[in-house]
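Enquirer: Given chain V, work out where chain W should sit, using these hints.
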Amino acid sequence: MATIFALSRLGFAVLLLSNRLATEAYVSLLQKTKCNRIISSDNQTKAVAAIQAEMKLFQYPVLRQSDYDIKPALFPRFPRALSGDSATSRIAFIIHSSGSTGLPKPIFQTHGACLSNYSSSFGYRAFLTLPLYHNHGLSSFFRAVYSGKEISMFNANLPLSGSNLIEAMTAVKPESFHGVPYALKLLAETERGVQVLKDCKLVLFGGSSCPDDLGDRLVEAGVYLVGHYGA
Amino acid sequence: MGQLMTSFRPVEDKAWNYVRPLPKVEPYLYMAPRAQNTFECVVLDGLPSKVVSNCNDPPNSFKTSDLFSPHPTISNAWKYLGRLDDRVTLVNGEKVLPIPYEHQIREHELAREACVFGVGRALPGLIIVPSEKALGMSKKELHDSLSPVVQAANARVESFSQISPEMIEILDVGADYPCTDKGTMIRAAFYKNFENLINSIYLRFETPAAGQSEGGLVLDLEQLKDYLFNIFENKLGFEGLNDSSDFFEAGVDSLQAITARGLMMRELDLGSKTLGQNVVFEYPNVPALAEHLYSLRTGEESNQTDEIEVMRRLIQKYSTFSRHVPGPDIPEGEVVVRLALLYQMLLSNMVFRSLLGLLALLVPMCLLNWLPRKMSRPYTASCGHHHKKQLETEFFRP
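Protein sequence lines correspond, in order, to chains V and W.
Every letter in the first sequence is one number past the one before it in the working numbering, and letter 43, counting from 1, is 43.
Position in the second sequence (first residue = 1) + 1000 = the working numbering.
Residues of chain V clear of chain W, computed beta-carbon distances all greater than 12 Å: (1) V27; (2) D42; (3) V62; (4) D69; (5) P79; (6) G148; (7) S152.
Computed cross-link-like contacts, PhoX-like style, restricted to lysine-lysine with a CA-CA straight-line distance of at most 20 Å: (8) V:K198 to W:K1014; (9) V:K198 to V:K173; (10) V:K105 to W:K1050; (11) V:K201 to W:K1014.
Simulated from the structure, these hints should not be mistaken for lab results.
Ideal Cβ placement from N, Cα and C applies to all residues, glycine included.
Chain V with its partners taken away, still in its complex shape (with noise of 0.2 Å):
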């Protein structure tokens, strides 16, 4: 996240990879957008190597708290020459879409687009288990910032299964749950893990549609089951 920051004060546009994607999709999408510079952490060295076999792509380590977390701050804080109006239609982010249709394709999006949909949030202590290179990721970590309200995300070293979903829940005691239906299936599986989404004051699914019979038995169950579309 630091690292997204910085960046974006540097006036970059982020482009954010999905971790799973084929090398020509990399090497598609970083001609699209122009890019020449990755920042990856030391688990996506192979990929990144497979990436630099094909293109000029210069490497650089994800930044480390002890990289910024610099008490007080040893230098005056970086100036930015930008004004207010043209920042606004500057690009912010790059996500792409899944490929679903090919390879996948670069979706742009302005400053002006990202703070007007960030600023629409519910209001709840988040619970994600989405990852943050998926746009509705990437938003409900965003709003929850816009709004001022701590996020909790689901370790992606961790397998998703419906106990590590149920010991997180209880741990942090959210109060809105941010998943794809795979996991509202797992917890479904046993009393507790419809009880933590009982728990959720809101529980709201994306990525794909929710199997009618799971989301009937859920919402059956007094679970506030919360559909959206678009992210």
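Expert: Okay, now just chain W, sitting in the frame of chain V:
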């Protein structure tokens, strides 16, 4: 696009799967009729969060390719039907691309039509309509003849899109299926038409094979372990698994976990119980999973010790520390032992600082030369942490 519609609704309204336009967005949404009771969502020019357009009718609008049908009574509430461009979205959100896959199967002379299904399911499946050339062949022969082309198609797609042999159904030659007058299959109608067949394929995938109505293999604990090693090593291709290998860490992905679950459901006697969707990750290694399977069949309480319990036991076992009592007890320790101890301590502290390490080496060496007479004392030491203090005092004694 930002959020367009949600199913936020009054508490008594149970229509959770009908989304309604957000008030701010409503003036910019146009539901364009595409077929009977089917509408495509079109976003009109002027919506602040709209960033692209792909259509000039109406000008500068964006056709989403998403299809909806209206609620029978609630006005302006829409149920999502699917995409115009035919994706098969699995329950975990992965999107299977049916068209290239089907094209590849269709190229085989024995196949007239192929249809990938799996919307809202855990894994995809395939229905094949055989061509006239397949006349007179048994289903088994057809399966075998088509198997190479299925393998070739699987090799070209992501792992979650791969279709396992158990998930393939071959219809009769000349079977009737919904298609346009040009002969193109109509996907939505195909799924509707073969709904029962598709349900039965998933059921078959999860239930014991015919002739084993009593629930398949009855195995004891050791046999179950061998059985599981066989599945993961031979059927799913994970080499070098042992008792403590964690499936997730070994790289088992969700499709493989589902496949393994399907195999277990089909082949094992589970005391007519159902395995959890994610059983492979909830019991993350072979012994734990074997024990779970065993307890399902026998009804015996699983005495599986999960890692948290193991940790708890370890903490308990190693949490009793005898307290160091300061006092005048001067033990019968010997200088030789203490020197060696001090030397070790210094080294272990400073092993990464080579210079100091060298010093630590030199100082005792000098002292050893300097105090040669003490070397001759007999060794009668009792060891323990509390030697440190005496060690320092004695060591620096003139």
